[in-house]
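Protein chains: 2
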Amino acid sequence: MLKRYLPILTWLPHYTLRLFGADLLAGVIVTIMVIPQSLAYAILAGLPAVVGLYASLLPLLAYTLFGTSRTLAVGPVAILALMTGAALVNVATPGSTAYLEAATALALLSGLMLAAMGLMKLGFFANFLSHPVISGFLTASGILIATSQAANLLGISGSGFTVVELAVSLTANIANIHWPTLAIGAGCLGFLVLMRSRGKALLQWLGVGKGLASLIAKAGPVFAVVATTLLSWQFALAEKGVAVVGIIPQGLPPFSFPSLDLPLWRELLIPALLISIVGFVESVSMGQMLAAKRRQRISPNQELIGLGSANIAAAISSGMPVTGGLSRTVINFDAGAQTPAAGAFAALGIGLVTLSFTPLLHHLPIATLAATITVSILTLVDTQMIRQTWRYSRSDFAAMAATIALTLVEGVEAGIIAGVTLSIGLFLYRTSRPHSALVGRVPGTEHFRNMARHEVESVSHVALLRVDESLYFANARYLEDTVYTLVASHPELEHVVLICSAVNLIDASALESLDAINARLKDSGVTLHLAEVKGPVMDRLKNSDFLDELTGRVFLSTYSAWSELKQPRE
Amino acid sequence: MLKRYLPILTWLPHYTLRLFGADLLAGVIVTIMVIPQSLAYAILAGLPAVVGLYASLLPLLAYTLFGTSRTLAVGPVAILALMTGAALVNVATPGSTAYLEAATALALLSGLMLAAMGLMKLGFFANFLSHPVISGFLTASGILIATSQAANLLGISGSGFTVVELAVSLTANIANIHWPTLAIGAGCLGFLVLMRSRGKALLQWLGVGKGLASLIAKAGPVFAVVATTLLSWQFALAEKGVAVVGIIPQGLPPFSFPSLDLPLWRELLIPALLISIVGFVESVSMGQMLAAKRRQRISPNQELIGLGSANIAAAISSGMPVTGGLSRTVINFDAGAQTPAAGAFAALGIGLVTLSFTPLLHHLPIATLAATITVSILTLVDTQMIRQTWRYSRSDFAAMAATIALTLVEGVEAGIIAGVTLSIGLFLYRTSRPHSALVGRVPGTEHFRNMARHEVESVSHVALLRVDESLYFANARYLEDTVYTLVASHPELEHVVLICSAVNLIDASALESLDAINARLKDSGVTLHLAEVKGPVMDRLKNSDFLDELTGRVFLSTYSAWSELKQPRE
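Residue numbers (this note's numbering), protein chains in the order written: chain A, 432 to 1001; chain B, 432 to 1001.
Do not take every clue at face value.
Treat identical chains as interchangeable: a pair holds within one or across any two.
As the list claims (entries may be wrong) - Pairs of lysine to any residue, SDA-like flavour, derived with a Cα cap of 25 Å:
1. K552 / A832
2. K953 / E923
3. K631 / S826
4. K953 / L721
5. K434 / Q665
Hint data in this document are derived by calculation from the structure and do not stem from the laboratory. None of these values were measured; they are calculated from a predicted model.
Sequences and hints are given; from them, build the entire structure.
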């Protein structure tokens, strides 16, 4: 029981020196690798760069205690940063104290929601984001984020949370391009794209071992940061108008007590919910994928608690909403992390950096960070998935296209809400017209098949109607219509048998419809029977008056109904 | 085609003198009967009483043209009046011109939505309100409306749209009870309850014929109105503090051009949508019930257009949102209406009243109207349905209870939204854990049954897994888990056969899950096969790469899979 809620107890007692060595190495590598992206995502959310470091510290320790994935690395991620910025800009001015406070309030709210969902075992909720919707949302968010970085790469001002806002803002300032900034941005962009696409092969060609080559290629952003920081410091580029990170306060994250302002919470409620869901889906799908690679398992409900605790930790340490990040997790996994202790070591590393080394980041150009974001975010754009979905299912594609369009034009919240609503709507629409078939007997057997597709025996005074879906409120009326149409078009009918072999559930609405069908058939002199009712469904029916009212019988098999009814009434 | 969108063309050409006589009589009766409730519902919505008359005029003509029900009577109804009041009070002050304008804007918006939904054939949307949710919503609304009338019956001021608001407001003013008002209110209440419960029997006992007795008993509100108006006029009760209807402008409804103010529309969007849905559900379920009694049919999609046109008509004639009303429809049906022409005659009657007879209503006490509403609304409270639902299904009951509680405590909008969300949520939760079973062969046959329930043959290296539900995003992951658990617990497995006889759909998310299952089983040396894939599902799969990747085969029947695989690999 305790182990279930504190997964650390499952691995810590068996911790060995070998695991320690592997985790420590991974921790050191992650520390160095995630500094650029942590700073970048904080800036993307409109927050001071240091907030990104704060959010990569305590949350990691919390996840080490409560998380079930062995390799997930928690911290600020691009999508959540974008969503955070979009939410905060509605309640406070970027740069103000209120904005910082709202960020911790958002993290707290989202953390509480995640933890509550975990305790209530609502992990299954994540299933309601269909794959095409997730993929469409990530693609559109990637495009949005890349566009939002264009201003930083060009050295102009420009902001917004929709493509329209961004386009207007960029066009208005396009004349003010700051060429030195653009040079740094474009240089980094080229270097990073090269490292990502050809780096490993290039290094191996130069004689570097395969593992090291892969690691160095991944460290592209670190080299870019070091090189451009040195450049910027050497030539005092900040004085020439190149935007740099500037002063980062030294020291551990200050304790923050998130605002308990009710109107603020009310305004952040929906954004916090969406951030929680998107963060959870991103994190858990990656966690499952990586766990599968090592034949481990993660528990979605405990993951909710783990991510919830990480966000609460972010909230009390001046951070921002966090989740399991794609790129930092892949780095952690590739660097050989074996247990969540690797996360704790990375937290210690980041702690060391904030304590002592932040002055080194002073001259880091913002354009370098923008290039880092742009390159890493474009992996989210999944054109192959778009093509596949189009080929496979037009309605899934419609949900995906709507998600992409709304995310781009109306922003991340509208996009994700529209996507979920459409997925659910399309599904309900499909099941609201359940498949049903009139069946007949395969001659000489006890089998019954669809009359429209097979050569089968039938008699005109008995209709054997097989219903291929559970009966519930959304399709109850459709069933009524089907039966009434059947009876209206076959005046010689004496018996209607509903074959319930595929009916796993009859809810209260469907029960009322069955009542109505029974009464209406009675008026027309037609008897209603049921056949092949499953055990649990039958138990339920016995709790209602339906079986007393039923004009006909409940047959165990279609064959026994057939044998009993095939002789017409005298 | 034209007939489909103008159903009047289906009956007008065959109109006879006999039908004319019947419709004319029904029209006259409806005119007299609906005056009290039309006034009362307008007051319930916080509007001047005359708006109720206006809304019973042009909308009826519009429905006569576009509606498909032969007997539905359109006009203001209690629930919509309550919802209208709750919506308008957020955007304007009752009594102001802005409030009146918002009412027509709400009617227009709701009319446009209904008509658009009709043209887009979205009538099936109404199915998403499950019966228990509708019944819970009506019950709670009935209680709310009855409570809101207590102030008028007691002659005190008191208002609100939740039981809390109403209770606070009533308690604060309870000391100011106006005894003459209470006397009129209580007198009417007693009289109306008596007429409703015993009136018909009493009149028959006095020797009145059955049909006439029924009609007179239903006319209770008319007698109450006439008697208390005369009383109030005779004794000048208005001067003694009894609230009366007061001056009602004479003349046909003035033309109104609803405000096109965008922020106002935005605020009214959700209320208009809810009013449209609730109005449609109330109207269409009653229409279907009555049509069934006379073996007629109504078309839900065309009904949307009919109700939409009625609301647009209300919007341009200084009215309020309307729909098919329960009590006025029953009156119309019982009075023998044969075609929608009865509605047109009632509209003419109401027109005559607004033109000439409104001064007669000047002295009508508000308490009389309150008594009328209270008695008619209590038919909505359906305790039997609550008990039945409790017995039959706890989850349906939970949705119903939440709807009732939220409607009472948070108001009609919150109630209906919670009800729909819960219904859909519960359904998705159920289908997100699809029923599946490992099956084995019934010895000596080609039948396969659940191994857990029947004595069947099986071999340890083949798992025959029957999935009893369509595969889609919400249950795709559950299927993955099921298969992985199966493989993990049966190391001797060589083949997994998914029997898809109950699978009517595999959406894009489920396809990805099947891909993942296939890849993961391949890693473990297990072959994945499909069996009994339905035609349409197979066609879809052929549009994807899945069949190329599939490690095993697609078998036509479970038996052929069994015959092929039952010999272990060499």
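Now for the hints, and whether the structure bears them out:
no.: 1; hint: K552 / A832; verdict: between (31 Å within a copy, 22 Å between copies)
no.: 2; hint: K953 / E923; verdict: within (14 Å within a copy, 55 Å between copies)
no.: 3; hint: K631 / S826; verdict: neither (40 Å within a copy, 57 Å between copies)
no.: 4; hint: K953 / L721; verdict: between (60 Å within a copy, 17 Å between copies)
no.: 5; hint: K434 / Q665; verdict: neither (54 Å within a copy, 83 Å between copies)
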